[in-house]
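**Student:** Residue-level listing of the chains:
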Amino acid sequence: MTKRFYDNLIFFEEIVAVVGNKKDILKIIDDTLHTHILDEILSHLPKHYHGTFLTHFQNNPTDINLLEFLKKEAREDIEKVIAMRAKRVKKELLTEVKKNK
Amino acid sequence: MDTTLLSRLKKKQLQAAKLLASHHPHAARMITTGALTGTLLLSSPALLSTPSRVTLSSSTLTSLLPISVGPLIPEIEEKILEVLKNMFGIHVVAELDGNRLNQNYGFMGAEQHLPRFPGDTIDQHDEFQKSGITPGRGAWGYFANSKIELSPDLIQKEKYYVAVQTLYLPDWNTRQPELKDWYKWRKVLVVNPKNGKSIVAIIGDAGPASWTGKHFGGSPELMAHLGLNVGMQKGAVLLFFVDDPENSVPLGPT
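Residue numbers (UniProt numbering), protein chains in the order written: chain A, 1 to 101; chain B, 1 to 254.
Keep in mind the hints are simulated off the structure, nothing from the lab.
A quick note: this is a predicted structure, and the numbers were derived from the prediction, not measured.
Each residue gets a CB set at the ideal place from its N, CA and C atoms; glycine is no exception.
A few of these clues could be false.
Restraint ranges, calculated between C-beta atoms of paired labels, are given here [said to hold, decoys possible]:
1. A/Glu14 x B/Val69: 34 to 44 Å
2. A/Ile64 x B/Arg100: 25 to 35 Å
3. A/Asp63 x B/Ser210: 25 to 35 Å
4. A/Ile64 x B/Ser248: 43 to 53 Å
5. B/Thr4 x A/Asp63: 34 to 44 Å
Subject to a maximum C-alpha distance of 25 Å in a straight line, what follows is the list of computed BS3-like cross-link-like pairs (lysine-lysine) [unchecked claim]:
6. A/Lys3 x B/Lys10
7. B/Lys18 x A/Lys23
8. B/Lys130 x A/Lys71
9. A/Lys87 x A/Lys98
10. B/Lys10 x A/Lys87
11. B/Lys234 x A/Lys72
12. B/Lys180 x A/Lys27
13. A/Lys22 x B/Lys85
14. A/Lys101 x B/Lys184
15. B/Lys18 x A/Lys87
16. A/Lys80 x B/Lys18
17. A/Lys90 x B/Lys10
18. B/Lys197 x A/Lys47
19. A/Lys47 x B/Lys234
20. A/Lys47 x B/Lys18
21. B/Lys11 x A/Lys91
22. A/Lys47 x A/Lys80
23. A/Lys22 x B/Lys10
24. B/Lys18 x A/Lys90
25. B/Lys11 x A/Lys23
26. B/Lys18 x B/Lys85
27. B/Lys130 x B/Lys10
28. B/Lys10 x A/Lys23
29. B/Lys10 x A/Lys98
30. A/Lys99 x B/Lys234
31. A/Lys27 x B/Lys234
32. A/Lys27 x B/Lys11
33. B/Lys130 x A/Lys3
34. A/Lys99 x B/Lys10
35. A/Lys22 x A/Lys87
36. A/Lys22 x A/Lys71
37. A/Lys22 x A/Lys72
38. B/Lys11 x A/Lys101
39. B/Lys11 x A/Lys87
40. B/Lys18 x A/Lys3
Turn these sequences into a full structure, and let the hints guide you.
**Tutor:** This is the structure in structure tokens:
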């Protein structure tokens, strides 16, 4: 899946362990999770930093400086809120996956 | 079975995209993951509009700037100056006559009006009176010796002034008489990279103090044009000298 600077906070491996090697399902789950994470980040980052953050993220999604920037400028403990949102969304998506089994 | 699962997951994907677009519509147009772009376009017709010149310029500048506000490395400074020259048709430079500021990318905060002549009061300023007027003169004194001598040009100078941290220049103390004259009313271009708004101004005061966390100050009119006179009244800006020996570049919004 796409590498991003917050990967170590979301443990995508848990999804892979349940879904297996179904790339189309993994891709949609990855996209959906990423959208939620972005929503969480932007909700806690002052609006005047949004353009800067998104531009730098698009240029290099794996840049660790992005996380350092968020830790400095976000209103909340950004690692904690990302992890919590990821946990909730993963649970919701895996529930859908498990309905099929 | 997988087809049904895919449908349900796609529905979740679309719901997530709509949520993001509804919470952050301004940001949603910048997001370009493959499936996400299509989904966002479907959920938000406003995203189909053509970006304006201002949007393109702010996007270009933002992509060049470092993620943290601070002094620019030479390579980035050079690229930004090129972009600004092409964008505004103004010859902007970081170094002029061997002089340069400590940084050209920093936080600008709101300043009050400056007294333009002895006896100037806030009610004699035509705009943004709520910003108030400084109790003392600016670093370069009054703009005119009397109200009668206050010309339209001097009115413009006070309207569109910036404060820069001359006091922290490494050679300020050793070259002060010369540098003080050089910096007085020196023409600059100020750009808000977040929205692309820009303005030509003059250096009219010294400061702010480093403990404020800000690197420049802007007059009420200047901050208003740049869109920085809201909230904390502070924002990151680019500020460069305008190389204008003929004095042909007018002050004010570009």
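**Student:** Now look at each hint and say whether the structure bears it out.
**Tutor:** Here's how the hints hold up against the structure:
Hint check: A/Glu14 to B/Val69, Cβ distance near 37 Å, so the stated range 34 to 44 Å holds. For A/Ile64 and B/Arg100, the hinted distance range of 25 to 35 Å is satisfied, since their beta carbons lie about 31 Å from each other. Distance hint for A/Asp63 and B/Ser210: a CB-CB separation of about 29 Å, consistent with the stated range 25 to 35 Å. For A/Ile64 and B/Ser248, the Cβ-Cβ distance of about 47 Å falls inside the hinted range of 43 to 53 Å, so the restraint holds.
Range check, B/Thr4 to A/Asp63: Cβ separation about 38 Å, and the 34 to 44 Å hint holds. Taking the CA atoms of A/Lys3 and B/Lys10, the gap is near 21 Å; set against the 25 Å cutoff, the hint holds. Distance restraint check for B/Lys18 and A/Lys23: the Cα-Cα separation of roughly 24 Å lies within the 25 Å cut-off, and the hinted pair is therefore satisfied. For the given pair, B/Lys130 sits about 36 Å from A/Lys71 by alpha-carbon distance, which is inconsistent with the 25 Å threshold.
The hinted pair formed by A/Lys87 and A/Lys98 meets the criterion: a straight-line CA distance of about 16 Å does not exceed 25 Å. Restraint check for B/Lys10 and A/Lys87: the C-alpha separation of about 19 Å stays at or below 25 Å, so the hint holds. Taking the CA atoms of B/Lys234 and A/Lys72, the gap is near 17 Å; set against the 25 Å cutoff, the hint holds. Proposed proximity of B/Lys180 and A/Lys27 is contradicted: the alpha carbons are some 61 Å apart, above 25 Å.
For the proposed pair A/Lys22 and B/Lys85, the alpha carbon gap of about 51 Å is over 25 Å, so the pair is violated. Under the criterion of a C-alpha separation no larger than 25 Å, the hint pairing A/Lys101 with B/Lys184 is inconsistent with the structure, at around 76 Å. Of the pairs offered as hints, the one joining B/Lys18 and A/Lys87 holds, with about 20 Å between alpha carbons and a cut-off of 25 Å not exceeded. The hinted pair formed by A/Lys80 and B/Lys18 meets the criterion: a straight-line CA distance of about 24 Å does not exceed 25 Å.
Proximity of A/Lys90 to B/Lys10 is assessed by CA-CA distance (about 15 Å); at most 25 Å being required, the pair is judged to hold. A hinted pair counts as satisfied when its Cα atoms are at most 25 Å apart, and B/Lys197 with A/Lys47 qualifies at roughly 17 Å. Restraint check: the Cα-Cα separation between A/Lys47 and B/Lys234 comes to about 13 Å, which is no more than 25 Å; the hinted pair holds. Under the criterion of a C-alpha separation no larger than 25 Å, the hint pairing A/Lys47 with B/Lys18 is consistent with the structure, at around 19 Å.
A C-alpha spacing of about 16 Å is found between B/Lys11 and A/Lys91, which places the hinted pair at or below 25 Å, so the restraint holds. Between A/Lys47 and A/Lys80, the direct Cα distance comes to roughly 20 Å. Compliance with the 25 Å bound is thereby established for this hinted pair. At roughly 15 Å between alpha-carbon atoms, A/Lys22 and B/Lys10 fall within 25 Å of each other, so this suggested pair holds. The suggested pairing of B/Lys18 with A/Lys90 holds, with an alpha-carbon distance near 18 Å, which does not exceed 25 Å.
With a C-alpha separation of about 17 Å, the suggested pair B/Lys11 and A/Lys23 falls inside the 25 Å cut-off, and the hint holds. For the suggested pair B/Lys18 and B/Lys85, the alpha carbons sit about 39 Å apart, so the restraint of at most 25 Å is broken. This hinted pair does not check out: B/Lys130 and B/Lys10 have alpha carbons roughly 52 Å apart, beyond 25 Å. Of the pairs offered as hints, the one joining B/Lys10 and A/Lys23 holds, with about 14 Å between alpha carbons and a cut-off of 25 Å not exceeded.
Between the alpha carbons of B/Lys10 and A/Lys98 the distance comes to roughly 16 Å, so the proposed pair stays at or under 25 Å and holds. For the given pair, A/Lys99 sits about 51 Å from B/Lys234 by alpha-carbon distance, which is inconsistent with the 25 Å threshold. Annotation: proposed proximity of A/Lys27 to B/Lys234 is violated, straight-line Cα distance about 41 Å (limit 25 Å). Distance restraint check for A/Lys27 and B/Lys11: the Cα-Cα separation of roughly 14 Å lies within the 25 Å cut-off, and the hinted pair is therefore satisfied.
A C-alpha spacing of about 50 Å is found between B/Lys130 and A/Lys3, which places the hinted pair above 25 Å, so the restraint is violated. Distance check on the hinted pair: A/Lys99 and B/Lys10 sit about 15 Å apart at the alpha-carbon level, within 25 Å; holds. For the hint linking A/Lys22 to A/Lys87, the alpha-carbon distance of about 21 Å falls within 25 Å, and the restraint holds. Under the criterion of a C-alpha separation no larger than 25 Å, the hint pairing A/Lys22 with A/Lys71 is inconsistent with the structure, at around 34 Å.
Taking the CA atoms of A/Lys22 and A/Lys72, the gap is about 38 Å. The hint is violated against a cut of 25 Å. For the hint linking B/Lys11 to A/Lys101, the alpha-carbon distance of about 19 Å falls within 25 Å, and the restraint holds. Restraint check for B/Lys11 and A/Lys87: satisfied, since their Cα atoms lie roughly 19 Å apart, inside the 25 Å limit. The suggested pairing of B/Lys18 with A/Lys3 holds, with an alpha-carbon distance near 23 Å, which does not exceed 25 Å.
Of the numbered hints listed earlier, those contradicted by the structure are 8, 12, 13, 14, 26, 27, 30, 31, 33, 36, 37.
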